[in-house]
Structure formats: C-alpha cells, structure tokens
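Protein chains: 4
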Amino acid sequence: MAGSVFGTIFKISTWGESHGKGIGVVVDGCPAGLALCEDDIQVYLNRRKPGQSKFSTPRKEDDAVEILSGVFEGKTTGTPISMVVYNKTQRSGDYGEIARCYRPGHADYTFDEKYGFRDYRGGGRSSGRETIARVAAGAIAAKLLYQMGIEVYAYTESIGDVKIDAARFDDKEARDTNPLNMPDATAAEEAAKLVAEQMANYDSVGGVIACSVTGLPTGIGEPVFEKLDANLSKAIFSIGAVKGVEIGDGFSAATAFGSANNDAFAMKNGKVTKLTNHAGGILGGISDGSDLFLRAAIKPTPSIFSEQQTVSREHEDMMLQIKGRHDPIIVPRAVVVVEAMTAIVLLDMLLVGMSARADRVIEFYTKK
Amino acid sequence: MAGSVFGTIFKISTWGESHGKGIGVVVDGCPAGLALCEDDIQVYLNRRKPGQSKFSTPRKEDDAVEILSGVFEGKTTGTPISMVVYNKTQRSGDYGEIARCYRPGHADYTFDEKYGFRDYRGGGRSSGRETIARVAAGAIAAKLLYQMGIEVYAYTESIGDVKIDAARFDDKEARDTNPLNMPDATAAEEAAKLVAEQMANYDSVGGVIACSVTGLPTGIGEPVFEKLDANLSKAIFSIGAVKGVEIGDGFSAATAFGSANNDAFAMKNGKVTKLTNHAGGILGGISDGSDLFLRAAIKPTPSIFSEQQTVSREHEDMMLQIKGRHDPIIVPRAVVVVEAMTAIVLLDMLLVGMSARADRVIEFYTKK
Amino acid sequence: MAGSVFGTIFKISTWGESHGKGIGVVVDGCPAGLALCEDDIQVYLNRRKPGQSKFSTPRKEDDAVEILSGVFEGKTTGTPISMVVYNKTQRSGDYGEIARCYRPGHADYTFDEKYGFRDYRGGGRSSGRETIARVAAGAIAAKLLYQMGIEVYAYTESIGDVKIDAARFDDKEARDTNPLNMPDATAAEEAAKLVAEQMANYDSVGGVIACSVTGLPTGIGEPVFEKLDANLSKAIFSIGAVKGVEIGDGFSAATAFGSANNDAFAMKNGKVTKLTNHAGGILGGISDGSDLFLRAAIKPTPSIFSEQQTVSREHEDMMLQIKGRHDPIIVPRAVVVVEAMTAIVLLDMLLVGMSARADRVIEFYTKK
Amino acid sequence: MAGSVFGTIFKISTWGESHGKGIGVVVDGCPAGLALCEDDIQVYLNRRKPGQSKFSTPRKEDDAVEILSGVFEGKTTGTPISMVVYNKTQRSGDYGEIARCYRPGHADYTFDEKYGFRDYRGGGRSSGRETIARVAAGAIAAKLLYQMGIEVYAYTESIGDVKIDAARFDDKEARDTNPLNMPDATAAEEAAKLVAEQMANYDSVGGVIACSVTGLPTGIGEPVFEKLDANLSKAIFSIGAVKGVEIGDGFSAATAFGSANNDAFAMKNGKVTKLTNHAGGILGGISDGSDLFLRAAIKPTPSIFSEQQTVSREHEDMMLQIKGRHDPIIVPRAVVVVEAMTAIVLLDMLLVGMSARADRVIEFYTKK
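Chains as they are written, first to last, in the working numbering: chain A, 4 to 371; chain B, 4 to 371; chain C, 4 to 371; chain D, 4 to 371.
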C-alpha cells in the first residue's frame with residue numbers, strides 16, 4: 004500500500020531516507036494564488052533543525068529547502084508543489100552493528116520482516132528526518148490557514164514528569180525562549196536538569212506535546228469515520244514515537260461524571276458558546292467553535308548509549324552498544340511536526356468541507 | 004466529503020439514522036469464499052444490544068440483521084455484502100426540546116452548523132445506533148482473521164475510577180459473566196455500585212476499554228502515514244465518545260526513560276521475540292509479532308437527567324431536562340465496537356500488505 | 004479491491020445481484036438541503052425499466068425505489084442516502100446450463116477465474132440490473148446539477164449501422180417518443196426494422212449512445228490524471244457492454260489536421276467562446292465553457308438464442324442454447340445509465356473543484 | 004482535488020512544469036526487492052526524447068533521470084522511489100504572445116479559468132513534458148510485470164489516414180526501425196510523406212496508437228466501477244491529446260451482431276481459450292486470458308505555425324502566429340507513454356487483486 008501519501012484534496016506524498024540523497028514532498032491540491040516562497044517553508048524547518056542546543060544531536064544540518072515546481076511569479080499555481088531538502092551529511096561510512104542487528108525500540112526488525120531487507124543507513128525511511136517533508140508541507144497549510152484567521156500552536160507540555168504550570172503559561176512566545184519549547188521558563192529549567200541527568204546516565208527522556216487551534220470555524224469535520232478528531236489522531240499517531248493521543252480532557256474524561264464533563268451552551272455576544280471546553284473543540288467529530296485542543300505522548304528516544312540486549316539479522320542473541328550522535332530527547336524537535344500535521348489535516352478538511360451544503364454549492368457556481 | 008466510507012480494500016460504507024427506517028452497511032472488497040451466514044453477524048450484534056441489564060436503556064431492540072447481497076450458497080462471492088438492521092422502534096412521536104435545542108455533549112449544535120439542519124430524532128446519524136453497522140462489518144472481518152489465527156479481544160478495563168486488577172484477570176470468558184464486561188468479578192461489582200450511585204444522581208459515568216490482538220503476523224502496517232497504530236487510532240477515535248487512544252504503554256511511556264521503555268530483543272525457540280512489550284506490538288508503525296495492545300478513553304454518556312444549561316436553535320438561553328431512555332454508561336456496549344473497528348483495520352491492512360515484496364507477488368501470480 | 008465504490012466527495016457504493024434480494028446504493032457526500040423524494044429517483048429508474056417495448060425483455064419489473072436514510076423533512080441531510088430496489092422476480096428455479104457453463108460474451112468465466120465460483124442466477128453481480136443503482140444515484144446528481152443550470156442529455160445515436168441524421172434532430176423530447184430513444188423518428192423506424200430482423204434471426208444488435216452536457220461552468224476537471232474526460236471515460240467504460248468512448252470528434256480527430264481540428268477562440272457577447280467544438284468542451288482535461296460531448300460504443304447483447312460453442316465449468320467443450328428472456332438490444336435502456344454516470348462524475352468534480360483557488364476558499368470561510 | 008496522484012497500491016505522484024526546474028515522480032507502493040537502476044528508466048525515457056528525427060522538435064534534451072530515494076543496494080526498498088529529470092533547457096526568455104493569449108487546442112484558457120492565472124512558460128504543467136514522469140514510473144511497472152511474464156507493447160497503428168497493414172506486421176522490433184514507430188515499413192514510409200507534406204503546410208497530423216498485452220493472468224480487474232477496461236481508459240484518456248479509447252473491437256462492435264461479436268470458448272491444450280478475441284481480452288471488466296488490446300486516438304498537435312484566430316487574456320479578439328519549436332506530430336513520442344500508463348494500471352490491479360480469494364489470503368499469511 005502507498006503509506007507515504009496523505010490527504011484527500013490537500014494531498015502530500017513524501018519520500019527520502021536519512022542518509023539518501025535527500026528528503027522531499029510533493030504537495031498536490033494546494034489552492035492556487037497563495038503567495039509562497041522558500042522562506043515561508045524554511046522558518047518552519049529551522050524549528051526542527053538539530054544542533055541548536057546541547058539537547059539535540061550536534062549534527063550540523065542546514066536543511067535548506069528548495070521549491071522545484073508549483074510556484075510561478077511568487078504564487079502557487081494549483082499544480083503540485085515539489086520541495087526537496089538535499090542531505091548534506093551523507094556518510095557512506097561503516098554502519099557496523101546498526102546494519103547487522105535490530106536496535107530495540109526502532110523499526111529495524113519490522114522493516115526487515117515486512118520487506119526482506121532495509122536501508123539501514125541512519126534508520127533509512129524510518130528516520131526522524133522523514134518529518135522534514137511533513138513540516139515543509141505543513142508550513143504551506145499553516146500559511147493558508149493563517150489567512151483564514153486560523154492559528155495552530157503546539158508546545159512541550161511536559162518532559163518526563165516535569166509539567167508546565169498553566170498559571171505560569173504567560174504568552175505563546177515564551178515557548179521559543181528555551182531549547183525545550185516549554186512556554187514556562189521555570190518548568191523548562193527543571194526539565195533541562197532532568198534531561199542533562201539522563202544524558203549523563205546514557206539514557207533518554209520522553210514527554211507530552213500539546214497543540215491548540217484558534218479561529219477554526221464551526222462545522223469542520225465529517226460524521227462517522229472522517230471525524231475531525233479521528234483524522235487528527237491518525238495524523239499525530241503517524242509521527243514516529245507517538246504512543247498516545249488525547250482530544251480535550253482525553254483520558255481524564257473517562258473518570259469524570261457526565262454532569263462535570265458536559266460543556267453547557269450559552270449565548271455570548273450573540274454567539275453560541277460553550278461555558279467550558281472539556282470536549283476540546285470537537286462534538287460528534289465536528290468543530291464546535293471553541294479552541295481545538297489535543298495532546299500527544301512521545302516516548303523516550305530509543306537510541307540510548309547504554310548497552311542493550313538484542314538479536315542480529317542472523318538471529319543470534321547479542322549485546323548492542325549504540326554509537327554516533329543522537330538526541331537524548333526528541334520532544335522539542337517534534338513540536339513543529341505536531342503543528343504541521345495538525346495544519347495539514349485542518350486545511351484538508353476545510354477544503355473537503357466546502358461542499359457540505361447544497362445552497363452554498365449552487366451559490367458558489369452560479370454567482371461567478 | 005464522504006465521511007461514512009472506511010478502508011482501502013476491505014471497504015465499508017455505513018448508513019442510517021437512529022429513528023429512520025434502519026441502519027446498514029455495505030462491505031465491499033471482502034475476499035470470496037468465506038463461509039458466512041446471518042448468525043455470524045448476529046452474535047456480535049447481540050453483544051451491543053441494549054436492554055440486557057439495568058445499566059443499559061430498557062429499550063427492547065432485537066436488532067436482527069439481514070444479509071441482502073454478496074453471499075451465495077453460504078459463501079461470500081467477493082462482491083458487496085449489504086447488511087441491514089431495520090429499526091423496530093421508530094416513534095414518530097414528539098421530540099420536543101431535543102428538536103428545538105442543543106444537548107450539551109452531543110452533536111446537535113455541530114450538525115446544525117455544518118448542514119443547516121439535522122435529523123433530530125434520537126440523534127439521527129450521530130446516534131450510538133450507528134455503531135450497529137460497524138459491528139456487523141467487524142464480525143465479518145473478525146471471522147476471516149480468526150481463520151488466520153488472529154484473535155481480537157476487547158474488554159472494559161475501568162469504569163470511572165474502578166480499574167480491573169491484572170492479578171485478578173483470570174480468563175477471557177470472565178468478561179462475559181457481568182453486565183459491565185470487566186474480566187474481573189470484584190472490580191465489576193465495585194463498578195456496578197458506582198454506576199448505580201450515579202444513576203440515582205441522574206448522572207453518568209465513563210471508562211476505558213482495552214483491546215488486545217493475538218496471532219498477528221509481523222510486518223503488518225505501512226511506513227509513514229499508514230502506520231498500523233495510526234490507522235487503528237483513527238478507527239477507534241471515529242467511535243463516538245472516544246476522547247483518547249493509547250498504544251502499548253501510551254501516555255506512561257512519556258514519563259519513562261529509554262532504558263526502561265525499550266523492549267529488548269531475544270531469541271526464543273528459534274524466533275525473534277521481545278522480552279517486554281511496552282510498544283504494544285508495533286514498532287515504526289509495523290506489527291512486531293508481540294501481542295497488539297491499545298486503550299480507548301470513553302467519556303461519560305452526555306445524556307443525563309439532571310437539568311442542564313443550553314441554548315435553543317433560535318439562539319436563546321434555556322434550561323434543558325432530558326427525558327426518555329438513556330444508558331448511564333455506554334462503555335460496556337462499546338466494547339464490541341472497539342473489537343469490530345480493530346478487526347476491520349487489521350484485515351484491511353493485511354490485505355493491502357500482501358503486495359509488500361516483489362518476490363511474493365511474482366510467486367503469487369506465476370505459481371497459479 | 005473495492006470495485007463497487009465510486010467518486011471522491013459524491014461517493015456511491017452499490018450492491019446487489021440480479022436474482023438476489025435487491026439492488027441498492029449508498030450515496031455518501033451528497034450536499035445537505037437538497038429537496039429529494041422517491042419520485043425524483045423513480046422517473047429515472049422508469050427510463051431503464053424492461054418490458055416497455057417489444058425490444059426489451061418482457062420481464063415485468065416495477066423496480067420501485069425506496070429511500071432508507073439520509074433524507075429528513077423532504078431534504079437531504081448531508082449523511083448517507085441509502086436506496087434499495089427489492090427484486091420482485093426472484094426465481095429460485097433451475098438455472099440449468101447457465102450455472103454449469105460459460106456464456107460467450109458474458110463474465111461467467113472471468114468471475115469463476117477471479118473468485119473461484121460465482122452467483123450464476125441471472126448473471127449475479129454482472130447482470131445489467133446492477134445499473135439500477137447507478138441510475139438511482141445519478142438521479143440525485145442530475146437534480147443538483149439542474150439547480151446549477153447544468154443539463155445532461157443522452158440519446159441513441161446509432162443502432163447497428165442506422166445512424167440518426169443531425170439534420171432531422173429536431174428536439175430533445177423526440178428521443179422519448181420511440182422505444183429506441185433516438186431523437187430522429189425516421190432513423191428510429193429503420194432501426195426498429197433492423198432490430199426486429201435480428202430478433203427473428205435469434206441474433207442481437209449494438210449501437211452508439213451520445214451524451215451532451217449544457218451549462219457546465221468553465222474550469223471543471225483537474226490536470227494530469229483527474230482530467231474531466233479521463234474520469235468520464237472511466238465512468239462510461241465501467242458500464243457493462245461499453246467497448247469504446249470518444250470525447251468531441253474522438254477517433255475522427257486522429258485523421259484530421261491541426262488547422263481543422265483546433266477550435267478558434269473569439270469574443271461573443273463579451274464572453275470567450277470557441278467558434279467550433281471539435282474538442283467536445285474539454286481542453287487539457289478541464290471544461291472550456293462549450294457543450295460537453297461524448298460517445299459510447301455498446302456491443303450487441305451477448306445473450307443470443309442461436310446455438311453457441313463454449314465450455315463447461317468442468318472444462319469440457321459443449322454447445323449452449325440460451326433460453327429465457329433477453330433484450331435483443333440494450334442500447335435504449337443504457338441511455339439513462341450513460342446520463343447517470345455522466346451526472347455523477349460532473350457533480351463530484353464540481354464539488355472537488357470548489358477548492359481550486361485560495362482567494363475563493365478564504366472568502367468562503369471568512370464571509371460566513 | 005489532487006489531480007497528479009494516480010493508483011491505489013502502486014501509487015504515483017507526478018510534478019513539474021515544462022520550463023520549471025524539472026519534472027519528477029514519486030512512486031509509492033512499489034513492492035520491495037525489485038532490482039532497479041537508472042538505466043532501467045532511461046531506456047524508456049529515451050523512447051520519448053525529442054530531437055530524434057525530423058518529425059520531432061529539434062530541441063535537444065537529454066532528459067537524464069536521477070533516482071533520489073527508495074532504492075538501496077540496487078533493489079527497491081518498498082518505500083517511495085523519487086525520480087527527477089532536471090530541465091536543461093530552461094529559458095527565462097520572452098514568451099511573448101503565448102503569455103498574453105490563448106492558443107487554440109491548448110489548455111491555456113482553461114487553466115486561467117480554473118486557477119486565475121497560469122505558468123505560461125512552454126505550457127507549464129499542461130506541457131507534453133509532463134509525460135516524462137509517467138514514463139519513468141511506467142518503466143518500473145513494466146519491469147516488474149516482465150518478471151511475471153507480462154509484456155506491454157504499444158505502436159503507431161495509423162497516422163492521419165495511413166494505417167498499418169496487419170498482413171505486413173511482421174515483428175515487434177519493426178516498430179523501432181522507423182521514426183514513426185509503425186511496425187510496417189511500407190506504411191511508415193507513406194506516413195512520413197504525409198507528415199512532411201503537412202509540415203510544409205505549417206499544419207500537423209494525428210493518429211492512432213494501439214497497445215497489446217501478452218501474458219496477463221485471468222481474473223485481473225474488479226467488478227462494476229474498477230473494471231480493468233475502465234481503469235485503462237481513464238489512464239489513457241489522462242494523456243494529453245487523447246480523444247478516444249477502444250478496447251478490442253471498440254466502436255466497430257457497435258455495428259456487429261451478437262453472433263459475430265461473441266467470442267466462443269473452447270478447450271485448447273487443456274486450457275479454456277477463446278476462438279476469437281473481439282472482446283480484447285476483457286469480459287465483465289476482468290481479464291479473460293486472451294491478449295489485451297486497446298486503441299487510443301491522438302489529435303493532431305495543436306501547435307501549428309499557420310496564423311490562427313484567438314483571444315487575449317484581456318479578452319480581445321486577435322490573430323496568433325505561433326513561433327518556436329514544435330512537433331508536427333506527437334503520436335510516435337506518445338507510444339511509450341501509452342505503454343507506460345498501461346503498465347501502471349496493470350501492475351496496480353494485479354497488486355490489489357491479490358486479495359480476491361479468502362483461501363489464498365489465508366494461505367499467504369499462514370504458510371509463512
């Protein structure tokens with residue numbers, strides 16, 4: 004099956020391996036006439052770039068994006084937008100044990116089982132570098148959403164057991180003032196200590212990424228299988244290392260009673276509003292006009308430097324000592340990926356949602 | 004967009020409203036030659052039937068399924084299998100306030116916003132009765148999976164704050180000995196008390212459903228966007244009232260360290276195995292041969308009998324007192340729905356996964 | 004693969020066999036608020052009903068459609084519209100040789116090869132009755148198109164070597180005044196003679212169906228693979244017995260020179276128009292504002308009463324003498340099917356086409 | 004809608020404009036383990052290269068393909084294969100009238116109507132260079148098909164009114180001995196004269212391409228909408244300049260009688276065979292084991308050098324004199340494109356067809 008294609012109208016096809024020639028994406032179905040240049044993409048890519056703090060791999064990658072098609076005279080043409088980031092750090096090199104055995108927590112074993120062999124260089128297709136393509140496509144979606152007054156904002160909510168304090172969550176910009184992307188300086192400091200400790204232990208740390216969306220119109224999302232939350236959860240779960248997704252109160256809703264979990268409706272400035280937002284902005288799979296809120300659980304980086312038990316491709320028990328350069332935590336770099344996937348889903352569902360009402364369809368085609 | 008169609012090869016199209024003529028599903032892409040009769044479906048439907056305990060609505064619905072096509076001489080023909088459950092309990096009746104206002108926690112408001120109006124009879128398309136179609140289709144998928152040695156088993160893990168004790172989890176059959184579908188008699192008793200209390204309070208309760216899959220081959224699931232966990236989470240999140248999904252350790256993985264969360268590989272009876280299963284049977288989106296494990300958070304039933312604040316269709320503030328017949332908890336009845344959606348995703352991905360290797364494709368078509 | 008599902012946003016799933024319980028279709032993605040009742044569908048179904056002339060099988064089928072979902076208070080709700088036509092003429096009966104051998108020109112052999120067995124009763128899924136579902140769905144599409152000023156009109160252009168004379172093509176109604184659906188009374192008479200002759204010879208006749216569309220906006224259809232003509236040709240070729248499709252001049256364009264085949268542009272009443280329409284209303288896969296024009300070649304009915312050479316399921320040579328009731332020509336009854344499939348494609352591409360321009364998308368969501 | 008993505012399992016996404024940075028394709032869903040290198044692709048691309056005879060534009064393009072991903076150690080990995088042909092002949096240059104007006108027979112007008120503007124450089128996305136991506140993807144499909152014993156062979160059947168003589172159709176290689184790709188030297192000579200004449204007249208010529216497939220297993224193709232012929236016709240019609248498609252006898256079947264058009268079955272060397280092949284190898288949309296045969300009508304190149312009437316973007320009547328370099332006929336260069344699209348459809352339907360029978364699915368997953 005074609006696993007690297009996503010979306011219905013705003014449809015993206017990604018490609019590339021960690022140590023291959025590059026990573027790229029073809030964005031098909033992007034509406035025409037959107038002003039777009041490489042800088043619009045680069046600012047997003049820069050947010051996931053490694054080597055920006057002691058908590059991410061020291062690899063220097065400039066990850067410069069190039070637009071190869073679909074933009075003319077500074078605007079999208081409505082035809083496929085092909086983007087590529089060429090890999091600067093290809094190392095033929097000796098991949099040693101990585102090639103010969105299965106790293107615990109990685110996809111080495113499952114790729115071999117599925118395909119009979121794998122591109123073992125730096126994880127090949129299952130490398131975190133694959134997310135470059137998601138972020139590049141998401142930057143385009145986010146730009147168009149922004150012009151509709153819709154803003155997607157993700158951040159690190161917790162690292163290990165260090166959680167941000169809502170009371171200290173001053174402003175969105177605070178997120179970008181620390182390497183862990185936590186919009187709470189105090190928590191960020193504590194988290195930094197935790198990560199540093201585990202680095203020293205040759206260990207790694209996970210965390211939770213939260214994402215909120217403001218300005219989303221009501222009525223977005225389809226009933227039954229194409230619910231907005233269903234598509235968002237698929238998009239978020241498709242990001243490597245995600246082990247859980249929550250919408251609104253998520254799992255804590257399971258322990259609440261109906262009287263507490265229901266969000267009462269009330270008129271406010273002539274508009275229907277909800278007095279609370281336990282639902283996270285979605286009712287019956289369709290946006291309800293409140294802010295959308297979701298959470299993603301990110302497992303600790305499986306690449307750790309302490310010795311681990313595993314088996315070889317030849318199916319012999321062995322001990323593995325991973326070498327090389329690896330992030331002790333991927334949560335901060337995944338923040339922009341969650342933002343990108345959320346933007347891609349929202350734009351796609353906004354585009355498919357234009358045909359929900361007959362009268363609006365008729366008006367659309369007859370007024371012109 | 005077509006929100007009621009799901010799947011790539013094993014593709015289902017569901018239809019029907021709570022108080023319409025019936026609920027149905029067309030299953031297209033089911034392999035030919037599978038022995039199938041209405042009883043195969045009915046045993047699954049009976050598990051979600053209401054009126055089986057004091058904890059579900061006293062509505063008497065026999066929900067008898069009829070197969071209209073796609074089966075000949077007791078076997079599936081490979082062409083669409085159309086199934087219908089006619090609604091016996093259609094009540095033209097007066098829907099009173101339900102028709103005129105928005106029930107908190109329900110999709111009344113979002114349907115009106117999306118479509119301009121809605122079928123308000125019993126929730127229309129957003130009613131829990133919609134899941135009849137999922138269960139009917141899932142029963143077919145489960146039967147074919149079973150013939151491949153794959154078993155999907157879901158159960159109630161917790162209700163409110165009452166959780167089953169793994170130590171008391173004796174056998175799978177235990178699930179079916181109590182109305183809450185908890186495979187732990189002691190927890191089931193406690194939970195029954197809790198639900199009874201909240202019924203008396205005119206309130207409702209939520210819970211968590213767990214689902215495990217045994218016998219799944221390795222290599223199922225596709226890289227990047229069509230990961231097995233991504234598709235499972237979409238399927239589960241598409242069930243009304245689900246607010247969270249976890250694979251394996253889920254959110255607790257976010258607070259674990261890599262050394263503890265990684266599952267070491269070891270040879271066992273000549274097979275590659277994992278010494279632990281924090282991953283829940285999926286690595287890089289592809290099944291790893293361990294049991295698959297997922298969890299779904301179910302919110303408390305939004306239909307409660309205590310008075311609630313809301314607004315009318317005419318956008319006036321008002322108080323609502325829901326009447327009629329409603330479950331104080333939907334978790335137990337949703338267990339089989341989680342099982343059904345899991346089976347549908349697994350079968351679909353098994354079918355699309357047949358083409359993963361060139362040598363197997365060539366052998367498939369040349370050996371015949 | 005799921006072969007019975009068609010469309011992207013206006014998505015239909017059909018089911019049913021010739022002698023099963025019924026034939027049906029689920030229409031998902033139909034915009035909400037369209038006034039719809041069973042009569043809207045029935046008038047289309049009546050046009051394909053058999054037994055209306057000596058040129059169609061004397062089977063009496065009232066083919067009465069029932070809407071099971073998706074319509075409330077006389078309007079479409081935006082959720083799936085399920086429609087069924089129950090088979091009145093089920094005959095358990097003895098299917099004799101039809102069950103035991105392969106009828107030349109039919110799908111008996113290929114179904115057995117694909118699925119291992121087949122529902123042989125009246126052709127099962129490959130029966131012409133399958134088109135009932137297409138026509139029912141097409142009636143809905145045509146109604147919505149009509150409200151946008153778009154009219155789809157198909158007719159019999161030729162039967163055997165008897166072709167209508169454009170000069171005598173007076174008005175569209177003329178089509179419905181003769182059993183062959185030819186809008187040219189003289190040709191219809193000639194054709195009637197031809198068909199009568201071949202009936203007497205125990206033989207059958209084919210023909211060509213033409214279809215024109217007026218009022219289609221410019222800009223409908225997508226570049227490259229989703230060209231309007233590409234989707235139309237797939238839809239028409241999916242109708243049993245179709246062996247060729249032409250857009251505009253079709254095959255005669257292959258023998259024309261560029262100077263003659265190009266359609267010059269000119270301003271007319273302030274609008275860009277084409278002075279000729281060799282292209283048939285489509286340039287580069289996108290509608291150009293001229294009338295759309297296509298043709299479908301229909302092979303002669305394979306069911307003939309003269310003795311034919313064939314093989315049995317047990318792979319023995321044998322002679323076959325088909326009994327029962329069969330049309331000596333299916334062209335007239337296929338006219339409404341071509342109209343239906345054309346309407347379905349046009350509506351679907353109109354709906355997906357709403358998102359072509361960023362400014363219109365932004366206006367759509369911000370003006371509300 | 005995403006118009007540049009095609010296929011269900013073997014899914015291709017194409018991108019690029021005539022005078023942009025390049026033309027490319029991402030092939031997702033290609034089975035793993037297929038030996039593949041750039042030469043495998045280049046031999047196909049060389050067949051569509053211009054500048055190879057006086058009948059194609061003198062533009063010198065080496066159209067060298069580069070594989071950017073999805074191949075490791077000389078074999079496909081099962082992940083996306085990204086291929087690109089960089090445009091060597093980018094000319095910023097002055098596009099003069101092409102930019103300011105609508106060329107008759109081209110997509111200039113319809114692109115402007117759909118998207119509000121267009122990349123006018125050399126036709127942008129609607130240029131014939133777009134087919135480079137189809138051929139590159141088709142080369143991969145053809146290689147895998149070949150390993151299953153399936154061969155796709157297309158050729159020029161006629162140019163203008165010059166048709167090859169079946170009697171003179173000696174061998175397949177004959178096609179490649181003349182610039183018009185006609186497997187009949189005599190006809191090729193005649194056709195060459197015709198094209199030369201029309202070049203002198205500043206005019207252009209069309210023709211018909213035929214394509215046959217040998218070695219296709221029975222049972223390929225799905226009932227109803229996903230018929231093999233339906234998908235083939237969509238694929239062929241999606242090629243620019245195609246105005247008609249026929250399967251088997253095509254339009255001549257419409258004038259035949261059933262007794263002549265039916266293909267009788269007979270046993271031959273223990274296999275079910277057809278004594279004739281009017282059906283072109285497809286019955287009921289499913290391959291019947293005979294050779295598959297289809298035809299495509301190609302219109303004359305719309306770019307002619309004689310003066311033509313048209314309108315400007317500012318909607319003023321004007322006369323246009325096209326300059327530059329254009330083929331007087333595109334038929335010969337389109338032959339490999341027809342072959343490529345046919346191969347893509349066949350492989351995709353072979354892959355989706357693996358799941359047709361339950362017993363084979365079970366065997367596939369349990370024997371391993």
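The hints are simulated quantities; they were obtained by calculation from the structure and are not laboratory data. C-beta: ideal position from N, C-alpha, C; glycine also. Fair warning: there could be bad hints in the mix.
Stated by the list, open to error - Chain A residues, not near chain D, derived (Cβ > 10 Å throughout): (1) Leu-71; (2) Gln-150; (3) Glu-366; (4) Phe-367.
Unchecked claim - Which chain A residues face chain D? A few, computed with CB under 7 Å, are given here: (5) Gly-32; (6) Gly-218; (7) Thr-221.
Worksheet item: Once the shortest beta carbon distance from Gly-218 (chain A) to chain D is found, is it less than 7 Å?
Response: With a minimum Cβ separation of about 25 Å from chain D (threshold 7 Å), the hint on Gly-218 (chain A) is violated.
Fill in: Leu-71 (chain A) remote from chain D - nearest C-beta pair above 10 Å
Given a closest Cβ separation of 5 Å, the condition is violated.
Fill in: Assertion that Phe-367 (chain A) lies farther than 10 Å from chain D (Cβ)
holds, 14 Å
Discussion item. So Glu-366 (chain A) supposedly isn't at the interface. Is its beta-carbon more than 10 Å from every beta-carbon in chain D?
Written reply: holds, 19 Å
Discussion item. Quick check on the hint: Thr-221 (chain A) CB to chain D CB, less than 7 Å?
Written reply: With a closest approach of 24 Å, the Thr-221 (chain A) hint is violated.
Practice prompt. Compute the least Cβ-Cβ separation between Gln-150 (chain A) and chain D, then decide whether it is above 10 Å.
Written response: Non-interface label on Gln-150 (chain A) holds, nearest chain D Cβ at 15 Å vs cutoff 10 Å.
Worksheet item: Once the shortest beta carbon distance from Gly-32 (chain A) to chain D is found, is it less than 7 Å?
Response: Check passed: Cβ of Gly-32 (chain A) comes within 4 Å of chain D, closer than 7 Å.
Against the hints set out earlier in the document, violations occur for numbers 1, 6 and 7.
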